Amino acid sequence: MPETLFGVPFAAFVGQLLVGLINGGFYALMSLGLAIIFGMLHVVNFAHGAQYMLGAFVAWGLLEYAGINYWWSLLLAPLIVGAVGIFLERTMLRRLYHLDHVYALLLTYGFALILEGSFRFKFGATGQPYANPISGGLDTDFAFLPWYRLWVIAASLTVCLLTWFTIERTKLGSYLRAATENPQLVRTFGINVPRMLMLTYGLGVGLAGFSGVMAAPIYQVSPLMGSNLIIVVFAVVVIGGMGSIVGSIVAGFGLGVIEGLTKVFFPEFAGIVVFLAMLITLAVRPNGLFGSTA
Amino acid sequence: MTHHALISSRQTVVLLALGACALLAAPWLAYPAFMMKLLCFALLAGSLNLMVGYVGLLSFGHAMFFGSAAYATAHAMTTWNWGPALGVGFGVAIAALLGASTGLLAIRRAGIAFSMITLACAQLVYFVALRSPFTGGEDGIQNVPRGDLFGLLDLSDDMTLYYVIATAVVAAFWFIWRIVHSPFGQVLVAIRDNEPRAISLGYRVNRYKLLAFTLSAALAGLAGGLKVLVFQIATLTDVSWTTSGEALLMGIVGGLQTMLGPVVGAIVVVTMQNSLSAFAESLLILQGVVFVLVVLLFRRGIVGEINALVARRRQRPAP
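Chains as they are written, first to last, in the numbering used here: chain U, 1 to 294; chain L, 295 to 613.
The set of hints was computed from the structure by calculation and includes no laboratory data.
Hints should not be assumed to be uniformly reliable.
[To be verified] Here are the simulated distance ranges between beta carbons:
#: 1; chain 1: U; residue 1: 42; chain 2: L; residue 2: 497; range: 21 to 29 Å
#: 2; chain 1: U; residue 1: 177; chain 2: L; residue 2: 380; range: 54 to 62 Å
#: 3; chain 1: U; residue 1: 188; chain 2: L; residue 2: 310; range: 50 to 58 Å
#: 4; chain 1: U; residue 1: 91; chain 2: L; residue 2: 380; range: 21 to 29 Å
#: 5; chain 1: L; residue 1: 497; chain 2: U; residue 2: 132; range: 54 to 62 Å
[Claimed, not checked] Partial selection, computed: residues in chain U whose CB lies under 8 Å from chain L:
#: 6; residue: 95
#: 7; residue: 118
#: 8; residue: 129
#: 9; residue: 284
Every value quoted in this text rests on a predicted model; they were computed, and no experiment measured them.
We put the beta carbon where it would ideally sit given N, CA and C, even for glycine.
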């Protein structure tokens, strides 16, 4: 086993690669949710970060007040967050579909402010700890790999692939894609398009909630966790191509790894590498890596 | 679209005279510092409105121009001992340069993608400001001297500074008005309303958009530079995305596509900020609620709704 790689300790390299893959998993899950919502509803869901934060807080609250463990939260919290999303869609977002898309962006931005403000009002800006559900790890001779982190990578990859499969390879997915292309025509086939839009929003938001639960044991559960993440995820979405499912998964994991490696080799650029990557992508391919020319 | 078309020229003169009186009398009626903050943010919202209202491109990153100009002005005046006019001018130049370079990439995409790209660019600028040695990180650049304007006016006096700021902001709004009502501005509105047609008429729309974006950035920079003169400080808040969001809130509360909208919006939002300055969380919630209400119930904003009301009155036949 080599001691160093390109002048950095091998253990540090593997460690940051792992961190990069974990962050990449969150980027992928978050941008996937945004891509599904954008592809179907043509709405940029600015509340996505706040809904991710909500997912983490629901998991924390379920454990703190009801004693419900992580694994149940992983199932329940996305459902609860998705239900909140569906409520938002039914009562407010739906009224804006016929207008310029920026109004939906502004509405969800307002919703994000309300959510973040409320949680800061209740919990302040400090984080709440959430116990790691799988302790221990894989002790190899070059690095220590915590089980939970490996689980996060595996779980996020699995959920991403399942979502991709559902949308691109199943009958339900084909309805969804058809409704994006031509809602009127799909309606004449007797498919309830408004309900599909509602469920799509619920699914996208649920993915944000799922990411939040998975993030809870790694990062602290803090009201600020969503707004810190959402802008990076926006850059990821632009790089992958707006509304592209494959693009969001590839760009999510790819940028997570690039960011992790930047931390090893050029630490001072770690915060901005995703944005630099976005600028380069825009200069070369204005529609993103997997974007259509829409 | 503009109130100009709805109100007769005599009414315009009366309105302008009333506005001038209000500006002159304001520092005796309200705190000069409050009034100056209001003016700076009104200009920021006005510069954003030039982009959102008249070009139809929603920039979610105007804080990067506001903030980088604030840092540039503060740096020039503290480290290089430049006077206020040169310092603010330097800030405006930096903001215009930043606007031209980010605009080059951002205007290649329209609609929602434009918003997300400007937001991401602004976040890049935020990180640079956070890490660069000259910005002072979390502390910002503090105790910026106000100096003497052209060696004549001592700006350390709040009243003098107020009238200087008011003059600059009124001049900037006059400039925006001139842009919008020029042939150039008419092309911008044509691009907003029907881009393919503008292209088919032979206009190079990207050049128009880029120039508009650069001008808008420079004006936002002017607002940032003036803000440094007022508060003598440039901080990370100036470049943060919440500032971009607040500028947008002022625009839509007052009414996009109107000249006075950003001013009215700034009055509402800055008043809200000042009365809740001790409760950051409540302010966030209130701002969110205002966003939701405006978007759902009165999308034309305060000035836009008043204009619509006047227009409806006009249409009704006299009894």
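Against the structure, the hints come out as follows:
Taking 21 to 29 Å as the suggested C-beta distance range, the pair residue 42(U) and residue 497(L) conforms, at roughly 27 Å. The given range of 54 to 62 Å is respected by residue 177(U) and residue 380(L), whose C-beta atoms sit roughly 58 Å from each other. About 56 Å separates the C-beta atoms of residue 188(U) and residue 310(L), a value consistent with the hinted range of 50 to 58 Å. Residue 91(U) and residue 380(L) have their C-beta atoms about 53 Å apart, which leaves the hinted 21 to 29 Å range violated.
At roughly 60 Å, the beta-carbon separation of residue 497(L) and residue 132(U) lies within the given 54 to 62 Å, and the hint holds. The restraint placing residue 95(U) at the interface with chain L holds, with a minimum CB-CB distance near 7 Å, inside the 8 Å limit. Checking residue 118(U) against chain L by beta carbon gives a least distance of about 6 Å; that is within 8 Å, so the hint holds. A distance limit of 8 Å between C-beta atoms decides the matter here; for residue 129(U) the minimum to chain L is near 21 Å, and the interface restraint is violated.
Restraint check, residue 284(U) versus chain L: the minimum CB separation of about 11 Å is more than 8 Å; hint violated.
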